[in-house]
Amino acid sequence: MVAGMLRRTWAMTWKDVRVELRARERVNAMLFFAALVLFIFNFALGPDREKLREVAPGLLWLAFLFTGMLGLGRSFQAERENECFEELLLTPGDRESIFFGKLAGNVLFMVTAEALILPLFGILYNLDIWPYLPSLALVAFLGTVGFSTLGTLLAAMTAHLRAREVMLPLLLFPLTVPVILGSVRATEVILAGGGLGEVSHWLKLLGGFDLIFLVVSPLVFEFVLEE
Amino acid sequence: MGRGSSRAWIFGAAAALVLATGLYLGLVVVPPDAVQGEVQRIMYLHVPSIVTAYLAFTVVFCSSILYLWKRDLCFDAVAVSSAEIGVLFTGITLATGCIWGKTTWGVWWTWDARLTLTAILFTIYVGYLMLRSFAEDPQAGARYGAVLAIIGFLDIPLNHMAVQWWRTLHQPSSILRPGGTSVASVMLVPLAINFAGLSLLYTYLLLERVRLERIRHRAAEVRLKRGRRG
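The listed protein sequences derive, respectively, from chains A and B.
Taken in order, the first sequence gives residues 1479 to 1705; the numbers are from the numbering used here.
Taken in order, the second sequence gives residues 3 to 232; the numbers are from the numbering used here.
Calculated directly from the structure, the hints in this document are not laboratory data.
Treat the hints with caution; some may be incorrect.
If you want the footprint, here are the derived chain B segments under chain A, 3+ residues with CB under 8 Å [unchecked claim]: (1) 117-129; (2) 143-157; (3) 160-169.
No farther apart than 20 Å at their CA atoms in a straight line, the calculated lysine to any residue pairs in the SDA-like style are these [what the hints assert, rightly or not]: (4) Lys72(B) <-> Leu1598(A); (5) Lys1529(A) <-> Ala1670(A); (6) Lys1682(A) <-> Pro159(B); (7) Lys72(B) <-> Thr60(B); (8) Lys1682(A) <-> Ser1613(A); (9) Lys1529(A) <-> Ser1613(A); (10) Lys72(B) <-> Lys1529(A); (11) Lys1682(A) <-> Val1693(A); (12) Lys72(B) <-> Phe1701(A); (13) Lys1682(A) <-> Leu156(B); (14) Lys1493(A) <-> Ser1613(A); (15) Lys1529(A) <-> Val1667(A); (16) Lys1682(A) <-> Thr60(B); (17) Lys1682(A) <-> Arg169(B).
C-beta: ideal position from N, C-alpha, C; glycine also.
With the rest of the complex left out, here is chain A (with noise of 0.2 Å):
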């Protein structure tokens, strides 16, 4: 049972990487727009190398998270364009694996755009980041899969609705809010020469919210698929 699950789970979310390797609707537009971010922020805080460092971390994780947001919204919402969301609901199977197929590929899709953001931003900002990317790498899956959880659940929810673009970022910023905040305050930290065993309990904080969601979400998918 669980092997068939893990099976439905995998159609899903290969059918999302295939239609975007084909379109290219989704990853191109992301990277595109994280680079716009970063690229704004130096306008808005100017060339003063120390105040950039100190506000690192937050720009950081603002250009993870908007560009997530860019991309969780697309996630349903292709579906509903190409009018596929009634083939979604038939498929076999419990609904358990649309969710975490969509929730796979929706975090794919984020760190692929993280992969790009965290060199880009070391090198346009002149950080010295090298020498903490396995911890920061640690840190982003963490935050990318609590983010991604809810996001996922909400960008289903907001599918249906007037002002659907709008509704998702107000609904789910407040949200994750604990997200934003760990993995902003622990990315502080190891950029500033901390080890993990400094921010333990940001990581417990990061990884209790993944759990709690990763397990309550799939459970109440089920009430927001409903026709």
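Let chain A serve as the given structure and place chain B on it in line with the hints.
Leaving out everything else, chain B in the frame of chain A:
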């Protein structure tokens, strides 16, 4: 359905009476705080408001679960009504907190842990109300609202932890704390009375708001039927 109103006014009258007593005690009878002076009296509204807001959001959470389980629109009416009143009381808490902060800390707003948490709470439930107003189909709106209410309520303890670790400047809780309360009992009396008064007010508003919601449902039904016949 009109019968509900005959009982609701009792709660309204009781709320007015109890709140008048509590406010009279708090604002006139009880001596001002030794350190903070007269401005401390705002606590008699501030503290009971936030407790009532939490009560309201707990009701939203429970009735949302009941709605998803039983599919009775009655539970949804309770959820959306309670959320509105909860947002109102959170707003009162924020406003009174700002006034108190300006005179005590010297600033209208500071990113202290509990202030921030209250602000997050406010944004989550304002989002809930916006979601409700943007849903085209009332059944779908009820389902989405219930899901959001469950997620939002589970989010509160996580937000609490995150914000607590982030910063703490607010004075520590004075009533519920290890080693007994630090509030003089003469101050506790108006606090307790006002809490009872605001709970009564909450009950009154909830009953009336639920009645309004049910009238709306019925009006929609009638309109639907008439449309079919015509």
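Hints, one by one, checked against the model:
1. Here the region 117-129 of chain B counts 4 residues with a CB under 8 Å from a CB of chain A, which clears the bar of 3, and the coverage holds.
2. For the region 143-157 of chain B, the proposed coverage by chain A is satisfied: 10 residues have a C-beta within less than 8 Å of a C-beta in that chain, meeting the threshold of three.
3. A stretch counts as covered by a chain when three or more of its residues have a beta carbon under 8 Å from one of that chain; for the region 160-169 of chain B and chain A the count is 7, and the coverage holds.
4. In summary, the hint linking Lys72(B) to Leu1598(A) is not supported, as the alpha carbons are separated by about 52 Å, beyond the 20 Å threshold.
5. Annotation: proposed proximity of Lys1529(A) to Ala1670(A) holds, straight-line Cα distance about 14 Å (limit 20 Å).
6. The suggested pairing of Lys1682(A) with Pro159(B) holds, with an alpha-carbon distance near 14 Å, which does not exceed 20 Å.
7. Simply put, Lys72(B) and Thr60(B) have alpha-carbon atoms about 18 Å apart, close enough for the 20 Å limit, and the pair holds.
8. Proximity of Lys1682(A) to Ser1613(A) is assessed by CA-CA distance (about 14 Å); at most 20 Å being required, the pair is judged to hold.
9. Proximity of Lys1529(A) to Ser1613(A) is assessed by CA-CA distance (about 23 Å); at most 20 Å being required, the pair is judged violated.
10. Of the pairs offered as hints, the one joining Lys72(B) and Lys1529(A) is violated, with about 56 Å between alpha carbons and a cut-off of 20 Å exceeded.
11. For the proposed pair Lys1682(A) and Val1693(A), the alpha carbon gap of about 16 Å is at most 20 Å, so the pair holds.
12. Between Lys72(B) and Phe1701(A) the alpha-carbon distance is near 13 Å, which keeps this suggested pair within the 20 Å criterion.
13. Straight-line distance between C-alpha atoms of Lys1682(A) and Leu156(B) comes to about 17 Å, which keeps the hinted pair within the 20 Å bound.
14. For a cut-off of 20 Å, the pair hint linking Lys1493(A) to Ser1613(A) is broken: about 31 Å separates their Cα positions.
15. Simply put, Lys1529(A) and Val1667(A) have alpha-carbon atoms about 16 Å apart, close enough for the 20 Å limit, and the pair holds.
16. Proximity of Lys1682(A) to Thr60(B) is assessed by CA-CA distance (about 26 Å); at most 20 Å being required, the pair is judged violated.
17. Proposed proximity of Lys1682(A) and Arg169(B) is supported: the alpha carbons are some 18 Å apart, at most 20 Å.
Checked against the numbered hints given earlier, the structure breaks hints 4, 9, 10, 14 and 16 and satisfies all the rest.
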